[in-house]
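Q: Chains A and B, in that order, give the protein sequences.
Under the working numbering, the first residue of the first sequence carries the number 1, and numbering increases by one thereafter.
Under the working numbering, the first residue of the second sequence carries the number 1, and numbering increases by one thereafter.
Each hint should be verified, as a subset may be incorrect.
To be verified - Here are the simulated SDA-like cross-link-like pairs (lysine to any residue), alpha carbons at most 25 Å apart as the crow flies:
1) K245(B) <-> G36(A)
2) K127(B) <-> F164(B)
3) K345(B) <-> P319(B)
4) K238(B) <-> D21(A)
5) K238(B) <-> Q15(A)
6) K263(B) <-> E120(B)
7) K3(A) <-> K238(B)
8) K367(B) <-> G36(A)
9) K127(B) <-> S40(B)
10) K43(A) <-> I315(B)
11) K277(B) <-> P85(A)
12) K228(B) <-> E63(A)
13) K3(A) <-> M239(B)
14) K42(A) <-> S40(B)
15) K51(A) <-> L20(A)
16) K127(B) <-> M239(B)
17) K359(B) <-> R12(A)
18) K277(B) <-> N54(A)
19) K245(B) <-> K263(B)
20) K337(B) <-> I315(B)
21) K263(B) <-> K43(A)
22) K42(A) <-> L233(B)
23) K339(B) <-> R12(A)
24) K51(A) <-> K127(B)
25) K51(A) <-> R247(B)
26) K51(A) <-> P188(B)
27) K43(A) <-> G334(B)
28) K291(B) <-> K345(B)
Unchecked claim - Pair by pair, the computed Cβ-Cβ distance ranges are:
29) Q240(B) <-> I35(A): 25 to 35 Å
30) P106(B) <-> I35(A): 50 to 60 Å
31) R247(B) <-> R11(A): 48 to 58 Å
32) T118(B) <-> K3(A): 50 to 60 Å
33) T262(B) <-> T37(A): 26 to 36 Å
34) Y46(A) <-> A284(B): 27 to 37 Å
35) I35(A) <-> G90(B): 24 to 34 Å
36) S103(B) <-> N72(A): 55 to 65 Å
37) Q275(B) <-> E63(A): 26 to 36 Å
38) M1(A) <-> Q109(B): 55 to 65 Å
39) T262(B) <-> R53(A): 39 to 49 Å
40) Y46(A) <-> N121(B): 36 to 46 Å
By construction, these hints were calculated from the structure, which means they are not laboratory data.
Think of the CB as a built atom: it goes at the ideal place given N, C-alpha and C, for glycine as much as any other residue.
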Amino acid sequence: MVKVIIPAPLRRYAQEQESLDLEGQTVQEILANLIGTYGDLKKHLYTEEGKLRNFVNVYVNDEDIRHLQQENTPITEGVIVSIVPSIAGG
Amino acid sequence: MLNPDLATINLTPDDYERYSRHLILPEVGVHGQKKLKAASVLCVGTGGLGSPLALYLAAAGIGRIGLVDFDVVDRSNLQRQIIHGEEWVGKPKVQSAAARIKSINPYIQVDIHEVPLTSENALDIGKDYDLIIDGTDNFPTRYLVNDACVLLGKPNVYGSIFRFEGQATVFHYEDGPCYRCLYPEPPPPGLVPSCAEGGVLGILPGMIGVIQATEAVKIILGVGTTLKGRLMLYDSLKMQFRELKLRRNPECPVCGDHPTVTKLIDYQEFCGIPQAKAEEEAMAIPEITVKELAAKLDQIGIVLIDVRNPNEFDIGRIPGSVLIPLSEIEDGQGVAKVKELADGKELYIHCKMGGRSAKALQVLAEKGVHGTNVKGGINAWSEEVDSSVPKY
């Protein structure tokens with residue numbers, strides 16, 4: 001089980017949950033399970049072609065998966081997966 | 001310019017007294033205070049973030065502060081934009097901010113740029129400053145500030161906020177990553193609500209703006225470890241800070257090894273704003289004014305739906321309106337409710353200012369339910385029909 005942190009702008013698509021515990025061996029599996037739980041998140045995380053959107057960053061602990069093995073990044077017990085979308089308020 | 005010839009900078013007797021607590025710090029001292037005095041900082045935006053950071057930069061003795069803003073002070077700004085006061089409501093923010101800065105520290109120079117920052121003027125305005133602080137409130141201007149900083153070779157001290165959460169970092173400093181390395185593309189318009197729509201805790205920009213001011217001062221002094229390469233995330237409800245690693249993207253179109261963006265572009269276009277407007281217009285959602293709506297409310301055979309959030313409904317409502325929040329309509333549950341209520345009736349939808357109701361009508365139109373948008377929302381109702389309904 002790993003903890004997935006849902007950021008504030010996306011919480012309305014996840015029944016206002018701040019985080020949830022999910023199973024998965026890779027980032028891809030974790031995100032698939034996340035979308036399986038909250039289907040409305042899908043279009044906000046993925047393009048119609050099934051690519052992760054460019055304004056949604058995914059981190060495993062403090063590392064951006066773009067600098068690891070993208071969605072194939074392996075997940076080990078106890079890591080924290082964070083979704084960090086861009087915000088612009090000021 | 002960040003390492004100026006300090007031989008030409010002198011501290012006055014007033015300076016020694018004013019900056020005494022800095023001068024005592026070995027990390028600042030006379031040398032550091034002279035650096036601050038020789039420095040120039042451009043604050044883009046004098047709103048939630050710009051207010052606290054400009055106050056502290058002025059107090060710290062930054063020799064020249066540039067302020068860019070084209071907006072006027074609105075009463076609803078005062079909950080967080082602490083550089084402005086009640087007496088400035090309706091007047092230009094840059095004038096208000098400059099007056100407050102001068103009252104804190106009359107010995108520094110304030111440059112007023114009472115214009116929107118655009119691709120045409122950004123390089124010209126930015127070139128005269130040592131560093132640039134992004135205190136803007138929208139995606140197009142954030143990408144503009146970033147690209148201008150990269151093209152000018154200036155550090156970009158970044159902060160942004162959403163409801164109870166904030167982000168801060170330093171972009172394009174000493175070969176560090178830029179904003180586009182972090183977020184290559186902006187989200188589509190409308191996905192992330194603005195502060196006016198989504199609300200924001202008034203104190204939040206204080207926290208993030210002060211982080212930005214701290215980073216600016218550290219860069220000028222050359223002390224400490226900056227946020228370069230680290231994205232600071234702040235959650236005010238949990239009172240928790242987290243940090244994530246940022247790396248420069250060698251493929252970055254602006255700061256990468258082979259940049260493709262070598263001059264400023266059309267940032268409205270880049271952020272999809274004209275396209276979204278065109279789509280909205282193509283949907284041709286009919287509109288009604290609040291006065292026309294008021295004349296219709298007594299008729300039978302109409303239904304008025306309010307798509308704001310329940311806490312906004314508590315602030316005030318148009319008589320006879322039924323609350324079905326936009327989020328319910330977007331997730332589908334609300335669509336059935338609207339269908340049932342609107343069966344055989346004329347459907348009108350309103351929100352605070354007209355944006356969310358237009359979105360609701362777009363979603364409903366895709367499901368075959370058609371209605372009319374109330375232009376200007378409940379705020380227009382308050383101004384033009386019934387002032388006992390609070391405007392907020």
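Q: Please go over all the hints and tell whether each is borne out by the structure.
A: For each hint, the structure was consulted:
1. K245(B) <-> G36(A): violated (29 Å)
2. K127(B) <-> F164(B): violated (34 Å)
3. K345(B) <-> P319(B): holds (17 Å)
4. K238(B) <-> D21(A): holds (19 Å)
5. K238(B) <-> Q15(A): Within the cut-off at roughly 19 Å; holds.
6. K263(B) <-> E120(B): holds (10 Å)
7. K3(A) <-> K238(B): holds (16 Å)
8. K367(B) <-> G36(A): Between K367(B) and G36(A) the Cα gap is close to 24 Å, so the pair holds against 25 Å.
9. K127(B) <-> S40(B): Measuring from Cα to Cα gives roughly 11 Å; hence the hint holds.
10. K43(A) <-> I315(B): violated (32 Å)
11. K277(B) <-> P85(A): Holds. K277(B) to P85(A) sits at ~23 Å (cutoff 25 Å).
12. K228(B) <-> E63(A): With a Cα-Cα distance of about 15 Å, the restraint between K228(B) and E63(A) holds, given a limit of 25 Å.
13. K3(A) <-> M239(B): Given that 25 Å is the threshold and the Cα spacing comes to 19 Å, the pair holds.
14. K42(A) <-> S40(B): Distance of about 45 Å is beyond 25 Å: violated.
15. K51(A) <-> L20(A): holds (23 Å)
16. K127(B) <-> M239(B): violated (37 Å)
17. K359(B) <-> R12(A): Cα-Cα ~16 Å, so holds.
18. K277(B) <-> N54(A): Holds: K277(B) and N54(A) sit about 22 Å apart, inside 25 Å.
19. K245(B) <-> K263(B): Distance ~28 Å between K245(B) and K263(B) Cα, so the pair is violated.
20. K337(B) <-> I315(B): Holds. K337(B) to I315(B) sits at ~23 Å (cutoff 25 Å).
21. K263(B) <-> K43(A): With a Cα-Cα distance of about 33 Å, the restraint between K263(B) and K43(A) is violated, given a limit of 25 Å.
22. K42(A) <-> L233(B): holds (24 Å)
23. K339(B) <-> R12(A): holds (22 Å)
24. K51(A) <-> K127(B): Cα-Cα ~38 Å, so violated.
25. K51(A) <-> R247(B): Holds, because 21 Å separates the two Cα atoms, which is no more than 25 Å.
26. K51(A) <-> P188(B): holds (15 Å)
27. K43(A) <-> G334(B): holds (19 Å)
28. K291(B) <-> K345(B): holds (20 Å)
29. Q240(B) <-> I35(A): 25 to 35 Å: Hint holds: Cβ distance 26 Å, inside 25 to 35 Å.
30. P106(B) <-> I35(A): 50 to 60 Å: With Cβ atoms ~58 Å apart, the hint holds.
31. R247(B) <-> R11(A): 48 to 58 Å: violated (28 Å)
32. T118(B) <-> K3(A): 50 to 60 Å: Given about 43 Å between the Cβ atoms, the range is violated.
33. T262(B) <-> T37(A): 26 to 36 Å: violated (44 Å)
34. Y46(A) <-> A284(B): 27 to 37 Å: 30 Å Cβ-Cβ, so the 27 to 37 Å window holds.
35. I35(A) <-> G90(B): 24 to 34 Å: violated (48 Å)
36. S103(B) <-> N72(A): 55 to 65 Å: holds (58 Å)
37. Q275(B) <-> E63(A): 26 to 36 Å: holds (34 Å)
38. M1(A) <-> Q109(B): 55 to 65 Å: With a Cβ separation near 57 Å, M1(A) and Q109(B) satisfy 55 to 65 Å, so the hint holds.
39. T262(B) <-> R53(A): 39 to 49 Å: The hint (39 to 49 Å, Cβ to Cβ) is violated, given that T262(B) and R53(A) are roughly 26 Å apart.
40. Y46(A) <-> N121(B): 36 to 46 Å: At 38 Å between Cβs, range holds.
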